[in-house]
Amino acid sequence: MSVIDIQKETSLQSSLTRFLTRFWSGLSRLAESKIALIGLILFMVVVAMAILAPWLATHDPLEMDFLALNASAGANHWMGTDNLGRDIWSRLVYGAQNAILVAIVTIPAQMGLSIFFGGISGYYGGRTDNLMMRFNDAGMSFPGLILFLSLLAVLGSGLWQCILALSFGGAPRLTRVVRGLVLTERERDYVKAGQMIGDSNARILFTQIIPNVSSPLIVMATIRTGGTLLAFAGLSYLGLGPPPPEPSWGLMLKEAQDLMETAPMVAVYPGLAISITVLGVNLLGDGLRDIFDPRLTDK
Amino acid sequence: MSFRQFLIKRVLYVLPTLFLVTVAVFSILHMVPGDPVDALLSEMQDEEMRIILIKQLGLDQPIYVQYFRWMTKVVQGDLGQSILHNRSVSLIIKDALPRTAYLAVAAMALALIIALPLGIIAAVKRKKWQDYFAQVTAMIGLSVPAFWEGLLVMLFFGLILGWFPVGGYTDPSEDFFDFLHHLFLPAVVLGFELVAVLTRMTRSTMLDELNKDYVQTHRAQGLPERQIITRYVLKNALMPTLTIGSIRMAALLGGTVVIESVFSWPGIGRTILEGITSQDFPVVQGGVLVVSFAFIFINLLVDIIHKWIDPRIKLE
Numbered sequence: 001m002s003v004i005d006i007q008k009e010t011s012l013q014s015s016l017t018r019f020l021t022r023f024w025s026g027l028s029r030l031a032e033s034k035i036a037l038i039g040l041i042l043f044m045v046v047v048a049m050a051i052l053a054p055w056l057a058t059h060d061p062l063e064m065d066f067l068a069l070n071a072s073a074g075a076n077h078w079m080g081t082d083n084l085g086r087d088i089w090s091r092l093v094y095g096a097q098n099a100i101l102v103a104i105v106t107i108p109a110q111m112g113l114s115i116f117f118g119g120i121s122g123y124y125g126g127r128t129d130n131l132m133m134r135f136n137d138a139g140m141s142f143p144g145l146i147l148f149l150s151l152l153a154v155l156g157s158g159l160w161q162c163i164l165a166l167s168f169g170g171a172p173r174l175t176r177v178v179r180g181l182v183l184t185e186r187e188r189d190y191v192k193a194g195q196m197i198g199d200s201n202a203r204i205l206f207t208q209i210i211p212n213v214s215s216p217l218i219v220m221a222t223i224r225t226g227g228t229l230l231a232f233a234g235l236s237y238l239g240l241g242p243p244p245p246e247p248s249w250g251l252m253l254k255e256a257q258d259l260m261e262t263a264p265m266v267a268v269y270p271g272l273a274i275s276i277t278v279l280g281v282n283l284l285g286d287g288l289r290d291i292f293d294p295r296l297t298d299k
Numbered sequence: 001m002s003f004r005q006f007l008i009k010r011v012l013y014v015l016p017t018l019f020l021v022t023v024a025v026f027s028i029l030h031m032v033p034g035d036p037v038d039a040l041l042s043e044m045q046d047e048e049m050r051i052i053l054i055k056q057l058g059l060d061q062p063i064y065v066q067y068f069r070w071m072t073k074v075v076q077g078d079l080g081q082s083i084l085h086n087r088s089v090s091l092i093i094k095d096a097l098p099r100t101a102y103l104a105v106a107a108m109a110l111a112l113i114i115a116l117p118l119g120i121i122a123a124v125k126r127k128k129w130q131d132y133f134a135q136v137t138a139m140i141g142l143s144v145p146a147f148w149e150g151l152l153v154m155l156f157f158g159l160i161l162g163w164f165p166v167g168g169y170t171d172p173s174e175d176f177f178d179f180l181h182h183l184f185l186p187a188v189v190l191g192f193e194l195v196a197v198l199t200r201m202t203r204s205t206m207l208d209e210l211n212k213d214y215v216q217t218h219r220a221q222g223l224p225e226r227q228i229i230t231r232y233v234l235k236n237a238l239m240p241t242l243t244i245g246s247i248r249m250a251a252l253l254g255g256t257v258v259i260e261s262v263f264s265w266p267g268i269g270r271t272i273l274e275g276i277t278s279q280d281f282p283v284v285q286g287g288v289l290v291v292s293f294a295f296i297f298i299n300l301l302v303d304i305i306h307k308w309i310d311p312r313i314k315l316e
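If you read the sequences in order, they're chains F and Z.
Residues in the first sequence are numbered consecutively from 1, following the working numbering.
Residues in the second sequence are numbered consecutively from 1, following the working numbering.
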């Protein structure tokens, strides 16, 4: 193989091809794990609900029907209404849009950030690694929601503020994982070969190493999606998410809490929606882990 | 390297992180859109008062001077004054932090009592109904939002059955049994996610151990299964679980925010949240600082204890 052939091999186009081929074979292997399939189906149902919301909803989610306040489930309102007469089913369906949007934007953002910083840290090592990991550790020193709360104290509350906070706040943990993976890969022969023929470090890192560690990364990202969705629901519940009257599942639960004594069922549906979505993602993550990385398998 | 060397190295390792955390917390006030002066001073001050107060609080100084002044006060235990309550932030936190600690410790204890036996049984009865039951319970625990659990639990056990109070707090010094009565439900809910994590972890490490050679050897020697487990396997299996578990337990500190909100438990999570919604930045800064430091120190302690117990662990 000539040097030119090797360089063609490492081109962006071929690494993208490799990634897509692996992705496709991974998808077909998905069928190996029943758990992953069930998870995927559950998640797809919620995605479908989000996309088809305008057709699935029976009412305008913001429309208040003062003649039907706190109505119980019936023909007109499948899940009843809340204390402002808004149809719960419609609000549930539109609430899926927020949840799916958070998932689709936050997880790739977290992955992008962690691949960039974790990749550089793991590849170069030494002082760069040391310095970057200190910053990363600082980011991981704020337990759970406290980190997101701190970020939102600066950003203010709202849907996109939450997405920003979740993206940046969730990245440090993934960054550590990427760094570890790259550290190990860095010692492999193909990396040394690439360096010998004069490939730039950035090219080796992003077109060679990262695609090779993409499997455990994807597994981790899927597993983190559940936690991210729960965090978003929590932030909405605390009133820091999309502001009322926009429907979001967490906020619906907060509103339901005030009605608990008179209309307890209002609290059930949004909670179920969150649980089913997160369960789907968790099962998918578990299943993917069983398929892609048997070392992590739960037996 | 000796244990003492490890100890020194590990503590030194933490110092830059602590520094960065203080910088981050200090920056909260200065990254908020608008003038930090306005954030700290109420609008009702007239122009002269503002100028006096600005000079007094040092808000006209360069930022690194402000940081230094702030840190000097922090080290002496002065976390500033709450804008909303007009009380010392340190006193507010001094009241709130122990309440969160009670909750976290109770949740940990409950989680350990439930999760360890559950995980062990799941491993021993692998692929039988006990195993599936444990795994399903764990999966549910990981998927269900804690505040929803809290609502349902409060609804069922509090409102419908009336066995427990619907939120609130009683100081243990006032009435210890009432304190426990109020503590139970939020601790159970807070601990549930931890139960899920610990159960899966225990099951996993137990299965790892049960596959090892020494277990086969003991079986071949005719030792009863129960003795193999209680005498040898448990010790080795529980160590990694407790280590990683204790870090997750420290993370409970973050989870308290939502639980405290659901059950109206006046802990530090709720204090921070109130600070954010009312833009009471000294409280937010003080609260976040204290919680992060507590988190870092607990992790440090866990690392050190773990190394002390099992010297085979290397410093990463």
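Please note that a few of the clues may not be correct.
Straight-line Cα separation of at most 25 Å, DSS-like style, residue types lysine-lysine; simulated pairs [said to hold, decoys possible]:
| no. | chain 1 | residue 1 | chain 2 | residue 2 |
| --- | --- | --- | --- | --- |
| 1 | F | Lys34 | Z | Lys212 |
| 2 | Z | Lys307 | Z | Lys235 |
| 3 | F | Lys34 | Z | Lys125 |
| 4 | Z | Lys55 | Z | Lys125 |
| 5 | Z | Lys128 | Z | Lys73 |
| 6 | F | Lys34 | Z | Lys128 |
| 7 | Z | Lys235 | Z | Lys128 |
| 8 | Z | Lys125 | Z | Lys9 |
| 9 | Z | Lys73 | Z | Lys94 |
Hint data in this document are derived by calculation from the structure and do not stem from the laboratory.
So, going through the hints one by one against the coordinates:
1. Annotation: proposed proximity of lysine 34 of chain F to lysine 212 of chain Z is violated, straight-line Cα distance about 29 Å (limit 25 Å).
2. At roughly 16 Å between alpha-carbon atoms, lysine 307 of chain Z and lysine 235 of chain Z fall within 25 Å of each other, so this suggested pair holds.
3. Taken as a hint, the lysine 34 of chain F and lysine 125 of chain Z pair is honoured in the structure, with Cα atoms around 22 Å apart against an allowance of 25 Å.
4. Of the pairs offered as hints, the one joining lysine 55 of chain Z and lysine 125 of chain Z is violated, with about 70 Å between alpha carbons and a cut-off of 25 Å exceeded.
5. Between lysine 128 of chain Z and lysine 73 of chain Z, the direct Cα distance comes to roughly 59 Å. Violation of the 25 Å bound is thereby established for this hinted pair.
6. Between the alpha carbons of lysine 34 of chain F and lysine 128 of chain Z the distance comes to roughly 18 Å, so the proposed pair stays at or under 25 Å and holds.
7. Of the supplied pair hints, the one linking lysine 235 of chain Z and lysine 128 of chain Z holds, its CA atoms being roughly 24 Å apart against a limit of 25 Å.
8. Between lysine 125 of chain Z and lysine 9 of chain Z the CA atoms are separated by roughly 43 Å; this puts the pair beyond 25 Å, and the hint is violated.
9. For the given pair, lysine 73 of chain Z sits about 16 Å from lysine 94 of chain Z by alpha-carbon distance, which is consistent with the 25 Å threshold.
Violation of the numbered hints given earlier is confined to hints 1, 4, 5, 8; the remaining hints are satisfied by the structure.
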